[in-house]
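Enquirer: Chain residues, written in single-letter form:
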Amino acid sequence: GQQVMQIPQYQHVQEGEDFTTYCNSSTTLSNIQWYKQRPGGHPVFLIQLVKSGEVKKQKRLTFQFGEAKKNSSLHITATQTTDVGTYFCAVSYYGQNFVFGPGTRLSVLP
Amino acid sequence: DVKVTQSSRYLVKRTGEKVFLECVQDMDHENMFWYRQDPGLGLRLIYFSYDVKMKEKGDIPEGYSVSREKKERFSLILESASTNQTSMYLCASIKDRAGQETQYFGPGTRLLVL
Numbered sequence: 001g002q003q004v005m006q007i008p009q010y011q012h013v014q015e016g017e018d019f020t021t022y023c024n025s026s027t028t029l030s031n032i033q034w035y036k037q038r039p040g041g042h043p044v045f046l047i048q049l050v051k052s053g054e055v056k057k058q059k060r061l062t063f064q065f066g067e068a069k070k071n072s073s074l075h076i077t078a079t080q081t082t083d084v085g086t087y088f089c090a091v092s093y094y095g096q097n098f099v100f101g102p103g104t105r106l107s108v109l110p
Numbered sequence: 111d112v113k114v115t116q117s118s119r120y121l122v123k124r125t126g127e128k129v130f131l132e133c134v135q136d137m138d139h140e141n142m143f144w145y146r147q148d149p150g151l152g153l154r155l156i157y158f159s160y161d162v163k164m165k166e167k168g169d170i171p172e173g174y175s176v177s178r179e180k181k182e183r184f185s186l187i188l189e190s191a192s193t194n195q196t197s198m199y200l201c202a203s204i205k206d207r208a209g210q211e212t213q214y215f216g217p218g219t220r221l222l223v224l
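Chains as they are written, first to last, in our numbering: chain A, 1 to 110; chain B, 111 to 224.
No wet-lab data here; the hints were simulated from the structure. Even glycine gets a Cβ: it sits at the ideal position worked out from N, Cα and C. Certain hints may be false.
[Stated by the list, open to error] Using C-beta positions, here's what the derived DEER-type ranges look like:
| # | chain 1 | residue 1 | chain 2 | residue 2 | range |
| --- | --- | --- | --- | --- | --- |
| 1 | B | 128 | A | 56 | 40 to 50 Å |
| 2 | A | 60 | B | 182 | 29 to 39 Å |
| 3 | B | 181 | A | 16 | 45 to 55 Å |
| 4 | B | 167 | A | 16 | 41 to 51 Å |
| 5 | A | 94 | B | 181 | 37 to 47 Å |
| 6 | B | 126 | A | 56 | 45 to 55 Å |
| 7 | A | 51 | B | 127 | 42 to 52 Å |
| 8 | A | 52 | B | 138 | 26 to 36 Å |
| 9 | B | 224 | A | 7 | 28 to 38 Å |
| 10 | B | 120 | A | 96 | 47 to 57 Å |
[To be verified] Cut-off 30 Å, straight-line C-alpha distance, at most; resulting in silico cross-link-like pairs (DSSO-like, lysine-lysine):
| # | chain 1 | residue 1 | chain 2 | residue 2 |
| --- | --- | --- | --- | --- |
| 11 | A | 70 | B | 167 |
| 12 | B | 163 | B | 181 |
| 13 | B | 181 | A | 36 |
| 14 | A | 57 | B | 113 |
| 15 | B | 165 | A | 56 |
[Claimed, not checked] Examples of chain B residues lying across from chain A (beta carbon under 10 Å, computed):
| # | residue |
| --- | --- |
| 16 | 143 |
| 17 | 171 |
| 18 | 204 |
| 19 | 217 |
Using the sequences and the hints, build the whole thing.
Expert: The structure is reproduced here in structure tokens:
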């Protein structure tokens, strides 16, 4: 099946520092979604990107879809303890089900 | 608001037992999914269903079966539980798979097979 990579696997930051996670595919994607899973919780949808080069913002979160539609990034500015959790990308290859990445687990030290 | 519920949050079973995990969604979604989540592996698709009585294998269907007798309910069955099926099981639903809408997840069932 299709493979999707996420880096890093873990990230520990001091509160107030920025954080970025990357999602990479070897194949051109139709679209990509990002989810957040709090410790002990279930994945919750954050955003969907569809267009090449698309950039979307949600408060301190910035999502970007690569020009070639093979990668994406999620950037958090000035992390807070409420940002703790695992961030998953879910990629779609035209007409197929979403494939989830392994996730990036973010820890924020107060 | 979409609500996806799962029958149990925690379950402990013995090797060889038959296990039923149930998922119910209340938004009339056509498509439902079962995933398992393991550390470092993310979410892996076990089975999905795009209509009543329809089912399709996902990436890791071995050792599992499913049932979709009603639109709102999607059951995952472990015919003979094994220790390597200890995992977190997540159910999800989506209205229109072709439209690539968001998936709504249930709270998950953490299964321990002894």
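Enquirer: Each hint should be assessed against the structure and marked as holding or not.
Expert: The hints, checked one at a time:
1. 128(B) to 56(A): 40 to 50 Å: 45 Å, holds
2. 60(A) to 182(B): 29 to 39 Å: 37 Å, holds
3. 181(B) to 16(A): 45 to 55 Å: This hint holds: roughly 47 Å between Cβ atoms.
4. 167(B) to 16(A): 41 to 51 Å: 46 Å, holds
5. 94(A) to 181(B): 37 to 47 Å: 27 Å, violated
6. 126(B) to 56(A): 45 to 55 Å: 49 Å, holds
7. 51(A) to 127(B): 42 to 52 Å: Distance hint for residue 51(A), residue 127(B) holds at roughly 49 Å.
8. 52(A) to 138(B): 26 to 36 Å: Roughly 33 Å apart at Cβ, these two residues keep to the hinted range, so it holds.
9. 224(B) to 7(A): 28 to 38 Å: Cβ of residue 224(B) to Cβ of residue 7(A): about 35 Å, so the range 28 to 38 Å holds.
10. 120(B) to 96(A): 47 to 57 Å: 33 Å, violated
11. 70(A) to 167(B): Distance ~26 Å between residue 70(A) and residue 167(B) Cα, so the pair holds.
12. 163(B) to 181(B): 9 Å, holds
13. 181(B) to 36(A): 27 Å, holds
14. 57(A) to 113(B): 26 Å, holds
15. 165(B) to 56(A): This hinted pair is violated, its Cα atoms lying about 35 Å apart.
16. 143: 8 Å, holds
17. 171: 12 Å, violated
18. 204: The hint holds - residue 204(B) has a Cβ within 10 Å of chain A, the shortest such distance being about 9 Å.
19. 217: Because about 5 Å separates residue 217(B) from the closest Cβ in chain A, which is inside the 10 Å limit, the hint holds.
Checked against the numbered hints given earlier, the structure breaks hints 5, 10, 15 and 17 and satisfies all the rest.
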